[in-house]
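Number of protein chains: 2
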Amino acid sequence: MKKYWSRKASSLSPYTAGEQPKIKNLIKLNTNENAYPPSPNVFSAIEAAGAHLRKYPLLAMDALAEAAARAGGLAPENIFCSNGSDEALALCFLAFFDPGKPVLTMDVTYSFYPVWAKLFDITMQILPLNDDFTVPLQEMTGARGGVVLANPNAPTGIALSAGEVEKIVRQNDCVVIVDEAYFGFGAQSVLSLVKKYNNLAVVRTLSKSHSLAGLRVGYVAANPNLISALLAVRDSFNSYPVGTLAQAGGAAALADEAYYKANNEKIIKTREYTADALKAMGAEVLPSAANFIFARPPVPAEKVFKKLREKGIVVRWFNKERISGYLRVSIGTMEEMECFIGEMKRILNG
Amino acid sequence: MKKYWSRKASSLSPYTAGEQPKIKNLIKLNTNENAYPPSPNVFSAIEAAGAHLRKYPLLAMDALAEAAARAGGLAPENIFCSNGSDEALALCFLAFFDPGKPVLTMDVTYSFYPVWAKLFDITMQILPLNDDFTVPLQEMTGARGGVVLANPNAPTGIALSAGEVEKIVRQNDCVVIVDEAYFGFGAQSVLSLVKKYNNLAVVRTLSKSHSLAGLRVGYVAANPNLISALLAVRDSFNSYPVGTLAQAGGAAALADEAYYKANNEKIIKTREYTADALKAMGAEVLPSAANFIFARPPVPAEKVFKKLREKGIVVRWFNKERISGYLRVSIGTMEEMECFIGEMKRILNG
Numbered sequence: 164m165k166k167y168w169s170r171k172a173s174s175l176s177p178y179t180a181g182e183q184p185k186i187k188n189l190i191k192l193n194t195n196e197n198a199y200p201p202s203p204n205v206f207s208a209i210e211a212a213g214a215h216l217r218k219y220p221l222l223a224m225d226a227l228a229e230a231a232a233r234a235g236g237l238a239p240e241n242i243f244c245s246n247g248s249d250e251a252l253a254l255c256f257l258a259f260f261d262p263g264k265p266v267l268t269m270d271v272t273y274s275f276y277p278v279w280a281k282l283f284d285i286t287m288q289i290l291p292l293n294d295d296f297t298v299p300l301q302e303m304t305g306a307r308g309g310v311v312l313a314n315p316n317a318p319t320g321i322a323l324s325a326g327e328v329e330k331i332v333r334q335n336d337c338v339v340i341v342d343e344a345y346f347g348f349g350a351q352s353v354l355s356l357v358k359k360y361n362n363l364a365v366v367r368t369l370s371k372s373h374s375l376a377g378l379r380v381g382y383v384a385a386n387p388n389l390i391s392a393l394l395a396v397r398d399s400f401n402s403y404p405v406g407t408l409a410q411a412g413g414a415a416a417l418a419d420e421a422y423y424k425a426n427n428e429k430i431i432k433t434r435e436y437t438a439d440a441l442k443a444m445g446a447e448v449l450p451s452a453a454n455f456i457f458a459r460p461p462v463p464a465e466k467v468f469k470k471l472r473e474k475g476i477v478v479r480w481f482n483k484e485r486i487s488g489y490l491r492v493s494i495g496t497m498e499e500m501e502c503f504i505g506e507m508k509r510i511l512n513g
Numbered sequence: 164m165k166k167y168w169s170r171k172a173s174s175l176s177p178y179t180a181g182e183q184p185k186i187k188n189l190i191k192l193n194t195n196e197n198a199y200p201p202s203p204n205v206f207s208a209i210e211a212a213g214a215h216l217r218k219y220p221l222l223a224m225d226a227l228a229e230a231a232a233r234a235g236g237l238a239p240e241n242i243f244c245s246n247g248s249d250e251a252l253a254l255c256f257l258a259f260f261d262p263g264k265p266v267l268t269m270d271v272t273y274s275f276y277p278v279w280a281k282l283f284d285i286t287m288q289i290l291p292l293n294d295d296f297t298v299p300l301q302e303m304t305g306a307r308g309g310v311v312l313a314n315p316n317a318p319t320g321i322a323l324s325a326g327e328v329e330k331i332v333r334q335n336d337c338v339v340i341v342d343e344a345y346f347g348f349g350a351q352s353v354l355s356l357v358k359k360y361n362n363l364a365v366v367r368t369l370s371k372s373h374s375l376a377g378l379r380v381g382y383v384a385a386n387p388n389l390i391s392a393l394l395a396v397r398d399s400f401n402s403y404p405v406g407t408l409a410q411a412g413g414a415a416a417l418a419d420e421a422y423y424k425a426n427n428e429k430i431i432k433t434r435e436y437t438a439d440a441l442k443a444m445g446a447e448v449l450p451s452a453a454n455f456i457f458a459r460p461p462v463p464a465e466k467v468f469k470k471l472r473e474k475g476i477v478v479r480w481f482n483k484e485r486i487s488g489y490l491r492v493s494i495g496t497m498e499e500m501e502c503f504i505g506e507m508k509r510i511l512n513g
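As you go down the protein sequences, you meet chains A and B in turn. When you read off a place in the first sequence, starting at 1, and then add 163, the result is the number in the working numbering. When you read off a place in the second sequence, starting at 1, and then add 163, the result is the number in the working numbering.
Any given hint might turn out to be false.
Quick list of in silico lysine-lysine cross-link-like pairs, DSS-like style, CA-CA up to 27 Å [claimed, not checked]:
| # | chain 1 | residue 1 | chain 2 | residue 2 |
| --- | --- | --- | --- | --- |
| 1 | A | 359 | B | 165 |
| 2 | B | 165 | A | 218 |
| 3 | B | 469 | A | 218 |
| 4 | B | 191 | A | 264 |
| 5 | A | 424 | A | 281 |
Calculated from the structure, these hints are not laboratory results.
Let the sequences and hints guide you as you build the complete structure.
Encoded structure:
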């Protein structure tokens, strides 16, 4: 069956993205999309950019890089734009990590990290999280090949403080990738520290905080030397990763922080409502700084996952060691979460 | 300066895309963009798709795959969609070619092929084109690791017949990638042959034929076994490479063949006008089946390139062995090409 596959293709264990079920009136709480639509400015920017579709996108992506830089108090030379942050992370692995030099990461974190490592023949040194799913900070030191750290972590939602992350950056003489996919929902950011540390790469996406999962815009913030490595790798793979509409829409989104701040504050409030309601019904809920919560219901999680799905509510359950007792639930609108909580009550009451 | 770069990043020789000069009233004939805008249906499809930007794109890309399949008389299982055809080609190298097994290609062809080979540690076996820049067909046999062939070739514009390409597919027991980036301008296609040969992968882009360079949509047509290898590699790199707007716009473009056929016939006529006019002033013009021509002016090409640029006409000149005497000129509108020809006359008359 695998005739003509490369040895590499045959050896891979690809990442599995959350499902996109075709169910009517679905309450979709499984892929951490923002509960609210993008800024109206995004749509007008996309419409205006349509006039240029015949031509190749701008290689330098000036407007997008400037908007990302401005939002973080950085310069455009600090920004590398990408087709979503997964592409950015993949290119970071290729640009900064070497086969034979182990890269430090956790046992419970974004499950794409070991997939990229395998794709590029990079060894991972996997630290177990503490029993309470916090990062064992005292062990995050002296990595030989690199560090990759999601903050807040996924799927736990637990965040380190900026000071704790800074300490990790200082204690490792190799590139430390801080994956801030879930910035904007209460966690402290280390974005501005890229001016201070030449081994820090902060990766972000507009998918969650800026309601643009469908547009595919991510970026890396780092010092210009690391950005040059990313450009060398990008221009050896695909010179035009971010299309004209994505550049325009992404820039417009980044320029409308007030709109997103208001939405994301609503999401934080809805998250606290949801966490409190789950705790009240006997669930353990990890402290989240993301737009999802990770909770252990008082009955088997797989069973709850299936029963919710029957009612048209889709959450994510990972059939994996240490976390198979938990559900990851994206924070939707208050109406959606009231439905979810209502259904949870019915399930737990039998 | 390269502290913290991976050995891989340090070793690369990235591809150089055509420049995008910021000159007013520019006549841009350097990156082979289509002379005409996309179908109006593309814009309405993009507008409608905006309603879904909050959510992740459809993983299966059903509508885009179906439109691409229909245009080629294939099934959706024969189609792999990508963020432009450069990404598709990069993933093909990773999915089908192995280090240590040389991949056959030409000395004068798309200059990104050796860049991908270097990125993925693949050796290229480079055949020199004949003196007239045609492919040495009798030598296109028995490749060990694979074949990559642009048809029509770039930057020459010369096309093989479908029968000649089929012979190459038959004579090599490894994957033959046929890069049809410039389909739609007169060359014969082997798209439908993917039903017949399990080692044929046809790569296409909507950038040229469908006026969508800014949207980033490409695809691979192949048998489902090869498509599975591409999916395994893709899902180890970036699960969502084609955004919601690109999926919708690309599908709408592929569904409006009549619109593009009419435009592309105009481009073919303009190409013949341009070629005849250049020949009349003593240039050698290779026979083109693409939306560009490759021509050797009777004076040094670099000089002509610079003089054209001073007049706001940008074409492409490659400072490379065998082809540094030539210019690659994209076919713009008839008005643009009349300007170009007028300027060429002035340059050649001193």
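Here is what the structure says about each hint:
Distance hint between residue 359(A) and residue 165(B) is fulfilled; the C-alpha atoms sit about 18 Å from each other, no more than 27 Å. Between residue 165(B) and residue 218(A) the CA atoms are separated by roughly 34 Å; this puts the pair beyond 27 Å, and the hint is violated. At roughly 22 Å between alpha-carbon atoms, residue 469(B) and residue 218(A) fall within 27 Å of each other, so this suggested pair holds. This hinted pair does not check out: residue 191(B) and residue 264(A) have alpha carbons roughly 46 Å apart, beyond 27 Å.
Annotation: proposed proximity of residue 424(A) to residue 281(A) is violated, straight-line Cα distance about 37 Å (limit 27 Å).
Hint compliance for this structure: hints 2, 4, 5 are not met, and every other hint is.
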